[in-house]
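What follows is each chain in one-letter form.
There are 2 protein chains.
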Amino acid sequence: MDIEKLLKTKLEDGQISVTETELFRHSHDESAHPSITPDVVCFPESMNDVKNIMEVAQKNRVPVTAYGAGSGLEGQVIPVKKGITINFERMNRVIDFSPEDMMITVEPGITRLQLNEHINRFGLQFPIDPGADATIGGMVATNASGTTAVRYGSMRDQLLDLEIVLADGRVIHTGTRAKKSSSGYNLTGLFTGSEGTLGIITKITLKLHGIPEHIIASRCTFPSLEQCAEAAYTVLASDIPVMRMELVDASSIKQVNEFGDYHFPIAHSLFFEFAGAKAAVEAQAILVKELMEDLNSEHWDEATTTQARNEIWKARHQMAYAFRHQKGKRFFGTDICVPISKLPDLVHFARELLENSGLEGGILGHVGDGNFHTLSLFDAENEEERERAERMNDELVLKAIEVGGTCTGEHGVGLGKMKYQRLEHGEAAEVMKSFKQLLDPDNILNPGKIFD
Amino acid sequence: MDIEKLLKTKLEDGQISVTETELFRHSHDESAHPSITPDVVCFPESMNDVKNIMEVAQKNRVPVTAYGAGSGLEGQVIPVKKGITINFERMNRVIDFSPEDMMITVEPGITRLQLNEHINRFGLQFPIDPGADATIGGMVATNASGTTAVRYGSMRDQLLDLEIVLADGRVIHTGTRAKKSSSGYNLTGLFTGSEGTLGIITKITLKLHGIPEHIIASRCTFPSLEQCAEAAYTVLASDIPVMRMELVDASSIKQVNEFGDYHFPIAHSLFFEFAGAKAAVEAQAILVKELMEDLNSEHWDEATTTQARNEIWKARHQMAYAFRHQKGKRFFGTDICVPISKLPDLVHFARELLENSGLEGGILGHVGDGNFHTLSLFDAENEEERERAERMNDELVLKAIEVGGTCTGEHGVGLGKMKYQRLEHGEAAEVMKSFKQLLDPDNILNPGKIFD
Numbered sequence: 000m001d002i003e004k005l006l007k008t009k010l011e012d013g014q015i016s017v018t019e020t021e022l023f024r025h026s027h028d029e030s031a032h033p034s035i036t037p038d039v040v041c042f043p044e045s046m047n048d049v050k051n052i053m054e055v056a057q058k059n060r061v062p063v064t065a066y067g068a069g070s071g072l073e074g075q076v077i078p079v080k081k082g083i084t085i086n087f088e089r090m091n092r093v094i095d096f097s098p099e100d101m102m103i104t105v106e107p108g109i110t111r112l113q114l115n116e117h118i119n120r121f122g123l124q125f126p127i128d129p130g131a132d133a134t135i136g137g138m139v140a141t142n143a144s145g146t147t148a149v150r151y152g153s154m155r156d157q158l159l160d161l162e163i164v165l166a167d168g169r170v171i172h173t174g175t176r177a178k179k180s181s182s183g184y185n186l187t188g189l190f191t192g193s194e195g196t197l198g199i200i201t202k203i204t205l206k207l208h209g210i211p212e213h214i215i216a217s218r219c220t221f222p223s224l225e226q227c228a229e230a231a232y233t234v235l236a237s238d239i240p241v242m243r244m245e246l247v248d249a250s251s252i253k254q255v256n257e258f259g260d261y262h263f264p265i266a267h268s269l270f271f272e273f274a275g276a277k278a279a280v281e282a283q284a285i286l287v288k289e290l291m292e293d294l295n296s297e298h299w300d301e302a303t304t305t306q307a308r309n310e311i312w313k314a315r316h317q318m319a320y321a322f323r324h325q326k327g328k329r330f331f332g333t334d335i336c337v338p339i340s341k342l343p344d345l346v347h348f349a350r351e352l353l354e355n356s357g358l359e360g361g362i363l364g365h366v367g368d369g370n371f372h373t374l375s376l377f378d379a380e381n382e383e384e385r386e387r388a389e390r391m392n393d394e395l396v397l398k399a400i401e402v403g404g405t406c407t408g409e410h411g412v413g414l415g416k417m418k419y420q421r422l423e424h425g426e427a428a429e430v431m432k433s434f435k436q437l438l439d440p441d442n443i444l445n446p447g448k449i450f451d
Numbered sequence: 000m001d002i003e004k005l006l007k008t009k010l011e012d013g014q015i016s017v018t019e020t021e022l023f024r025h026s027h028d029e030s031a032h033p034s035i036t037p038d039v040v041c042f043p044e045s046m047n048d049v050k051n052i053m054e055v056a057q058k059n060r061v062p063v064t065a066y067g068a069g070s071g072l073e074g075q076v077i078p079v080k081k082g083i084t085i086n087f088e089r090m091n092r093v094i095d096f097s098p099e100d101m102m103i104t105v106e107p108g109i110t111r112l113q114l115n116e117h118i119n120r121f122g123l124q125f126p127i128d129p130g131a132d133a134t135i136g137g138m139v140a141t142n143a144s145g146t147t148a149v150r151y152g153s154m155r156d157q158l159l160d161l162e163i164v165l166a167d168g169r170v171i172h173t174g175t176r177a178k179k180s181s182s183g184y185n186l187t188g189l190f191t192g193s194e195g196t197l198g199i200i201t202k203i204t205l206k207l208h209g210i211p212e213h214i215i216a217s218r219c220t221f222p223s224l225e226q227c228a229e230a231a232y233t234v235l236a237s238d239i240p241v242m243r244m245e246l247v248d249a250s251s252i253k254q255v256n257e258f259g260d261y262h263f264p265i266a267h268s269l270f271f272e273f274a275g276a277k278a279a280v281e282a283q284a285i286l287v288k289e290l291m292e293d294l295n296s297e298h299w300d301e302a303t304t305t306q307a308r309n310e311i312w313k314a315r316h317q318m319a320y321a322f323r324h325q326k327g328k329r330f331f332g333t334d335i336c337v338p339i340s341k342l343p344d345l346v347h348f349a350r351e352l353l354e355n356s357g358l359e360g361g362i363l364g365h366v367g368d369g370n371f372h373t374l375s376l377f378d379a380e381n382e383e384e385r386e387r388a389e390r391m392n393d394e395l396v397l398k399a400i401e402v403g404g405t406c407t408g409e410h411g412v413g414l415g416k417m418k419y420q421r422l423e424h425g426e427a428a429e430v431m432k433s434f435k436q437l438l439d440p441d442n443i444l445n446p447g448k449i450f451d
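Residue numbers (numbering that gives the first Met the number 0), protein chains in the order written: chain A, 0 to 451; chain B, 0 to 451.
Please keep in mind that the hints were generated in silico from the structure rather than gathered at the bench. Just so you know, not all the hints are guaranteed correct.
Stated by the list, open to error - In the DSS-like style, the derived pairs of lysine-lysine whose C-alpha atoms are separated by at most 27 Å in a straight line are:
#, chain 1, residue 1, chain 2, residue 2
1, B, 288, A, 206
2, A, 277, B, 277
3, A, 206, B, 206
4, B, 206, A, 398
5, B, 432, A, 432
As the list claims (entries may be wrong) - Anything over 10 Å on all C-beta distances counts as not near chain A; from chain B, calculated:
#, residue
6, 36
7, 92
8, 117
9, 313
10, 390
What the hints assert, rightly or not - Examples of chain B residues lying across from chain A (beta carbon under 10 Å, computed):
#, residue
11, 121
12, 163
13, 210
Note that the coordinates shown come from a computational prediction; the quantities given were computed from them, not determined experimentally. Here a beta-carbon is modelled for each residue, glycine too, at the ideal position from N, C-alpha and C.
Okay, chain A solo, but in the shape it has when bound (with noise of 0.2 Å):
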């Protein structure tokens, strides 16, 4: 069967490419997993493009798997049973605009940083920040998150309405432009981090925010990680909307000292950013550095400027970058997510796995949301380095699922943690399994992901 030849009937010549170069491209994402290659890679333009290659796909039961940026953690984007990749950077407008909802409709290829440029003029943001530019589509797919979730959420928590076109061809809506709803069943949320394999999304319509006024960076150390917690939960219990709010653990900001020449204070640390009103800002600042000193914390340092900002948080920001990119070295991330009184515990066990590893790597937590990772560098050449993180990453999971929390926050499941969604969602797995059957019973739609 010549799949190629097939989609020539339904897309332009241009819309279709089996080079060498654009195989590779969609053949891996920002993962260690091992690459892959499509059959064929389409380009489409619209959701009728997409609905015509589903139409080939189902016909002839070829594997279809959607391409976004390529940023993703844990593969979701390697066709394992190749066949069609659909990629989405032709798919990047912006539908509709609505300010005044504060809500937009837009293509899945748009990439978030397009999406703010698209908006900040009109004082409003699309704040989830998962690091990467990623495209919304793939952040829809994987339900990301990142640093702003402790205040907005997950990327489910900004979805309205999701246009799906499904492994038969229907197209659906999942929601409306309404800001909640209680008609029938929550679609939008089960089709979000779904990783394609229940449907492809063709448009999405999100809630925006308003730009804040003001930031204010701060930073400040403990003696212990119980205490990092125990302050992070203070601040939560107050009831003080932080706009983010990190934890790095001591043994990291070491590293990142020898890695950078910086003089970073070594110890615990939480980082802050408060933003907002002016007025409540500064309230929120103060009322926080008092609750920090009333915990004992040491080297509260605060910063308005976008510049000092920058200088407070650079130890975070060093920890999630300068690892990435150590020639010959590939990364590996774990991603669990636990309740927040578990957190001390589960950083201290990670920490103790990465040095029993001999591995170089950190550990960075969204400590409002229980959700870290530890990032750790493998020879990419050295088959027993990679094995040693994955056993980490093993041992890791199974200690969060063993507290009450889940292998993934926020990375997805793609094909690094299918093997534990049996353990962590015990028989509810077959109750998912059987929408998956139900909606897509060739498995064509990214098979090979989520579940087996």
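Knowing the structure of chain A, use the given hints to seat chain B on it.
Coordinates of chain B only, in the frame set by chain A:
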């Protein structure tokens, strides 16, 4: 078939009732939908009891309807196909309270006031406030919200995990104790708002929030509804985390004045509540006052003590309650939710419908969410008056769907909104129905609700 006898093999005698009083109590809710009695009422004391009830129901294809506090507004608990009603009043325990995680696991029969009583002394609150002292199970089942949704979202946004007994007797957990997750498919959101048609909720794990240190209430008026909506937009776009923001239109204020011999300024009124850390809240109140003045508001009034706050909000509170208990009258509530920019038009339209209907009534709006209610009174003995109220609802819902809104923002579908499901959800309604068919092939779970 003698259901009572079959149930007696599984439950204690005291857990089963067929007395006229109990059958009547479980025949209705607070809506105007006609009463229907169940065949038998059960009072489970554990998940196992619920499982046993489901087993009897499934074997004998007997309908099962879950009942919380009976405070619903769309007839969700009315057992239109008779059968077994499960009353959760004996399942109202706190199973696990983890203040340091701001998280609690409860049985579905606990009411929101009981829950708050349990947790308030730890400085924590469960802020979702639909007005009535509903059970948490009922609030999950209908995806309830209310005046604090502008700050905290609706029930769906509060949930970490549900324990569900499925029609076939399987017991699943839809989530974990982690605050966020990208693992598996999101079943928590799907079961929330499914009104007992997909499974029976037996445990609920909720996020909790800190009790605000300080509260300020305020009120102001505007010459037009458009200006009220613009003012609400300005507050939202300024990223000010108001606790409540409610609209009462001028005609409704006039009615409240006449009803209670009050002297509130007869103009379209916005009611605010600010809550949080004292300094931040004071800053918010000042900022909003300035914003409102820039928009030519009048009659700004503000209060901090409980008594003074209640005084300021009196017109709003009177609206909600005064109309409800007039002798010989029943009330009919509508519940549309639309994009905020459409709110002035829709409120205008509703006011005209109300005036043309000749029925007494008022309009309340959760203006930050685009959700508003008309309350209209009709003579309980006068079928024609009731039909007028229903026609008004029809016209409002069609208009709401036309502008991209929903037939129900927070009351749920139940009996009253079934007829709009296909119109609102289009082809997605068929996907929803296929989920129902998959999970409840014999249609024993609250049959005759959401989808016919």
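Each hint, compared with the structure:
Proximity of residue 288 of chain B to residue 206 of chain A is assessed by CA-CA distance (about 25 Å); at most 27 Å being required, the pair is judged to hold. With a CA separation close to 15 Å, the supplied pair residue 277 of chain A and residue 277 of chain B stays within the 27 Å bound. Of the supplied pair hints, the one linking residue 206 of chain A and residue 206 of chain B holds, its CA atoms being roughly 22 Å apart against a limit of 27 Å. For the hint linking residue 206 of chain B to residue 398 of chain A, the alpha-carbon distance of about 22 Å falls within 27 Å, and the restraint holds.
Of the supplied pair hints, the one linking residue 432 of chain B and residue 432 of chain A holds, its CA atoms being roughly 17 Å apart against a limit of 27 Å. Listed as a non-interface residue, residue 36 of chain B keeps its Cβ farther than 10 Å from every Cβ of chain A; the least gap is roughly 26 Å. Remark: the non-interface label on residue 92 of chain B is consistent with the geometry, its nearest Cβ contact in chain A lying 19 Å away (cut-off 10 Å). The non-interface label for residue 117 of chain B is consistent with chain A: the shortest C-beta to C-beta separation is roughly 16 Å, beyond 10 Å.
With a least CB separation of 26 Å from chain A, residue 313 of chain B remains clear of the 10 Å interface cut-off, as annotated. Remark: the non-interface label on residue 390 of chain B is consistent with the geometry, its nearest Cβ contact in chain A lying 20 Å away (cut-off 10 Å). Of the supplied interface hints, the one on residue 121 of chain B holds, with its beta-carbon coming within about 9 Å of a beta-carbon of chain A, less than 10 Å. Satisfaction of the interface hint for residue 163 of chain B is found here, the shortest Cβ-Cβ separation to chain A being roughly 8 Å, below the 10 Å cut-off.
Interface hint at residue 210 of chain B: satisfied, since its Cβ lies 7 Å from the closest Cβ of chain A, which is below the 10 Å cut-off.
Violated hints for the displayed structure: none, as all numbered hints are satisfied.
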